[in-house]
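J.: Residue numbers (numbering that gives the first Met the number 0), protein chains in the order written: chain H, 0 to 323; chain S, 0 to 298.
Rather than coming from a laboratory, the hints here were simulated on the basis of the structure. Any given hint might turn out to be false.
A partial selection of chain H residues facing chain S, derived with a Cβ cut-off under 10 Å [to be verified]: (1) Val115; (2) Tyr136; (3) Ala146; (4) Ile201; (5) Asp221; (6) Arg225; (7) Leu252.
DSS-like, lysine-lysine: derived pairs with alpha carbons at most 27 Å apart [to be verified]: (8) H/Lys128 to S/Lys13; (9) S/Lys101 to S/Lys171; (10) S/Lys230 to S/Lys218; (11) S/Lys230 to H/Lys179; (12) H/Lys123 to S/Lys13.
So the derived label-pair ranges between C-beta atoms look like this [to be verified]: (13) S/Leu16 to H/Ile102: 31 to 39 Å; (14) S/Val14 to H/Ile313: 34 to 42 Å; (15) H/Leu44 to S/Ile81: 13 to 21 Å; (16) H/Thr74 to S/Gly45: 56 to 64 Å; (17) S/Gly45 to H/Thr287: 38 to 46 Å; (18) S/Pro187 to H/Gly77: 30 to 38 Å; (19) H/Ala99 to S/Gly45: 27 to 35 Å; (20) S/Gly45 to H/Lys179: 17 to 25 Å; (21) S/Val113 to H/Val301: 17 to 25 Å; (22) H/Ile220 to S/Leu29: 42 to 50 Å; (23) S/Asn67 to H/Phe312: 47 to 55 Å; (24) S/Ala175 to H/Ile220: 58 to 66 Å; (25) H/Phe312 to S/Ser216: 38 to 46 Å; (26) H/Asn124 to S/Phe104: 46 to 54 Å.
Virtual Cβ for every residue (Gly too), placed ideally from N, Cα, C.
Here's the letter readout for the chains.
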Amino acid sequence: MSSIPTSGKLMGGLGPVKLAPRKRDFGIVFQSQVVLMAMSIPFLLHLLLFRMGPMYGWLMAFQNFRPGTPILKQTWVGLEHFRYLFRDIIFLQVLRNTLAMAIIKLVMGTFFSVLVAIMVNETKNRLFKRSVQTISYLPHFISWVVAAHLVRESLMPYGIINNILTGLNIVKEPIFFLGKAEYFWWVIGWSHVWKTAGFGAIIYLAAMTSIDPQLYEAADIDGASRLQRIWHITLPGIRSVFVILLIMNIGFLMEAGFEQQYLLKNALVQDYADVFTIYVLEWGLRRTRFSFATAAGIFRSVVSITLIVIANFIAKRMGEETLM
Amino acid sequence: MKMTTQDYVFDTIKVLLLVFLVAVTLYPFLNTLAVSFNEAQDTIRGGISLWPREFSLRNYEDILSDENIIVAARNSVGRTVIAALVQTFCTAMVAYALANRKYMFRVPIAMVYVLTMYIDGGLIPTYFLFRGLGLVNNFHVYWIPGLTTAFNMLVIRTYMRGLSESFIESAKIEGANDFYIFLRIILPLCMPVLATVILFTAVWQWNYWWDTFIFNSSKINLTTLQYELMKKIQSANSAMSGTSMADAFSRGQSMTGNVVTPVSLRAAMTIVVSLPIIAVYPFLQRYFVHGLTIGGVKG
Chain H
0 MSSIPTSGKL
10 MGGLGPVKLA
20 PRKRDFGIVF
30 QSQVVLMAMS
40 IPFLLHLLLF
50 RMGPMYGWLM
60 AFQNFRPGTP
70 ILKQTWVGLE
80 HFRYLFRDII
90 FLQVLRNTLA
100 MAIIKLVMGT
110 FFSVLVAIMV
120 NETKNRLFKR
130 SVQTISYLPH
140 FISWVVAAHL
150 VRESLMPYGI
160 INNILTGLNI
170 VKEPIFFLGK
180 AEYFWWVIGW
190 SHVWKTAGFG
200 AIIYLAAMTS
210 IDPQLYEAAD
220 IDGASRLQRI
230 WHITLPGIRS
240 VFVILLIMNI
250 GFLMEAGFEQ
260 QYLLKNALVQ
270 DYADVFTIYV
280 LEWGLRRTRF
290 SFATAAGIFR
300 SVVSITLIVI
310 ANFIAKRMGE
320 ETLM
Chain S
0 MKMTTQDYVF
10 DTIKVLLLVF
20 LVAVTLYPFL
30 NTLAVSFNEA
40 QDTIRGGISL
50 WPREFSLRNY
60 EDILSDENII
70 VAARNSVGRT
80 VIAALVQTFC
90 TAMVAYALAN
100 RKYMFRVPIA
110 MVYVLTMYID
120 GGLIPTYFLF
130 RGLGLVNNFH
140 VYWIPGLTTA
150 FNMLVIRTYM
160 RGLSESFIES
170 AKIEGANDFY
180 IFLRIILPLC
190 MPVLATVILF
200 TAVWQWNYWW
210 DTFIFNSSKI
220 NLTTLQYELM
230 KKIQSANSAM
240 SGTSMADAFS
250 RGQSMTGNVV
260 TPVSLRAAMT
270 IVVSLPIIAV
280 YPFLQRYFVH
290 GLTIGGVKG
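Please take these sequences and the hints and turn them into a complete structure.
T.: See below:
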């Protein structure tokens, strides 16, 4: 902070001016900030009502909830729904699908984002660089609904991918990608790469531009090749960003997205396609077993929060920046 | 610096990969565009790639003469405009309060929003809460629950802290209160960042369909464009697995009575739905590079 009081940045405090006795000030400060408080109310009210509010509904998981009766007057059943949850084969299947697809997406997404970032970073022609970047961002901005249509049409037996495969004689018959359960996780993985790799590269590129150019110059003098420079300078340079993003994503392992699966799945691949949110939707809103669906939701939230805390702990031990 | 053989090989592979990336990104859009302008019956024969074989505007006529689509378009535009303006205003307002380092509730409020970034109440409790608040089957569910986001708040706050303080000091001496200063002095100065946050919120609103699906799907007059497209895709998905072929065929009949295959209708619909996004996203780029660095790394 600047030591000259008059050149302070906006609202950066009064600088060296210190208000002396604390207790009497409280009332004055409070009064002078009433307007600021009023301005914070919409934000705070919104967070408390719409973000914290649903937590009250977690009580439903320990009851046999029936709509119409106040929540505190419902019958309590303890952990029965949770016990049933772990005996449900479909639930275990959903757990497997969620984790598998989340990991596939995380690994493939990260790999291709870093690859794109390196390729763009190594490009000197500015026009080419800008064009590639702008175009590669496009899929990020469209909705998954639109993306699902594009992915679907490309993967159909008459779609471009099958045309190429049969045209090059790699396969004899077109493959029905979306109708085969064993392909579904990879359809999700590759469509995730298609939608996010270009945009995901931004953050790695930002990290690459902050690498000291002198390192590259020194490497040139030492006669390092392009690949050696990438391996020994560029990749170590993005290491901390890489670790932070990895940690952030670990917190979302129980998420795996749901729009993507919901929009691309069909009855043939259901056993490999259903993830948590779809399971909760199916049991909760379709079959109206609200308490059971809430229990499944709580399980997911608790595991997510635990994962984030663990990830933060690991990051701290490794000496990286943490999130909290 | 001299180019070695390895450098040439590297450069060639690099350019090929980037050109491949561009091609893979663009092809599905261009193909869908071609299909959307192709005569519907002819499309079934397959083989349309980048150019329509039998040019026709029929698919678009069919979509635009569908009453549901018009209602959906009105709702999509409405939610996008209202939410983008109201949400950005509320976010900027709290950003102004939190930008003040002497504000006594700065830390408690920060604790609440950091906490809520990690907590998810879950679908069913959220549904019952919204039902209790009368937000189910209600247009207001599109803009009220998403009122402010912590990420946008951080972006605006960072920008505000970069402004010079002298305006505020003099206004305070003149006796202006904080809301007046915010409205008359700070907001105009923040226009660049506000414009980008408005655009960002607008894109998000335009693309969102889950709330229509969960809360408003039983009222056709509250439908949105994304949701209508989603229904068309779902009908094609279920037709594929053979569960409701008849259903899919009946949806393939257009309002005017002549047969339009679902694929060309879906293509035209996809283009209509994504056109506004394609028009604005190039302007969002710079903000995102900036925003991601602020929000993603500094938290």
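J.: Does each hint fit the structure? Answer for all of them.
T.: Going down the list of hints, with the structure as the test:
no., hint, in the structure
1, Val115, "holds (7 Å)"
2, Tyr136, "holds (6 Å)"
3, Ala146, "holds (9 Å)"
4, Ile201, "holds (6 Å)"
5, Asp221, "violated (12 Å)"
6, Arg225, "holds (5 Å)"
7, Leu252, "violated (14 Å)"
8, H/Lys128 to S/Lys13, "holds (12 Å)"
9, S/Lys101 to S/Lys171, "holds (15 Å)"
10, S/Lys230 to S/Lys218, "holds (14 Å)"
11, S/Lys230 to H/Lys179, "holds (22 Å)"
12, H/Lys123 to S/Lys13, "holds (12 Å)"
13, S/Leu16 to H/Ile102: 31 to 39 Å, "violated (25 Å)"
14, S/Val14 to H/Ile313: 34 to 42 Å, "holds (39 Å)"
15, H/Leu44 to S/Ile81: 13 to 21 Å, "holds (18 Å)"
16, H/Thr74 to S/Gly45: 56 to 64 Å, "holds (58 Å)"
17, S/Gly45 to H/Thr287: 38 to 46 Å, "holds (43 Å)"
18, S/Pro187 to H/Gly77: 30 to 38 Å, "violated (58 Å)"
19, H/Ala99 to S/Gly45: 27 to 35 Å, "holds (33 Å)"
20, S/Gly45 to H/Lys179: 17 to 25 Å, "holds (21 Å)"
21, S/Val113 to H/Val301: 17 to 25 Å, "holds (18 Å)"
22, H/Ile220 to S/Leu29: 42 to 50 Å, "holds (46 Å)"
23, S/Asn67 to H/Phe312: 47 to 55 Å, "holds (51 Å)"
24, S/Ala175 to H/Ile220: 58 to 66 Å, "holds (60 Å)"
25, H/Phe312 to S/Ser216: 38 to 46 Å, "holds (42 Å)"
26, H/Asn124 to S/Phe104: 46 to 54 Å, "holds (51 Å)"
Checked against the numbered hints given earlier, the structure breaks hints 5, 7, 13, 18 and satisfies all the rest.
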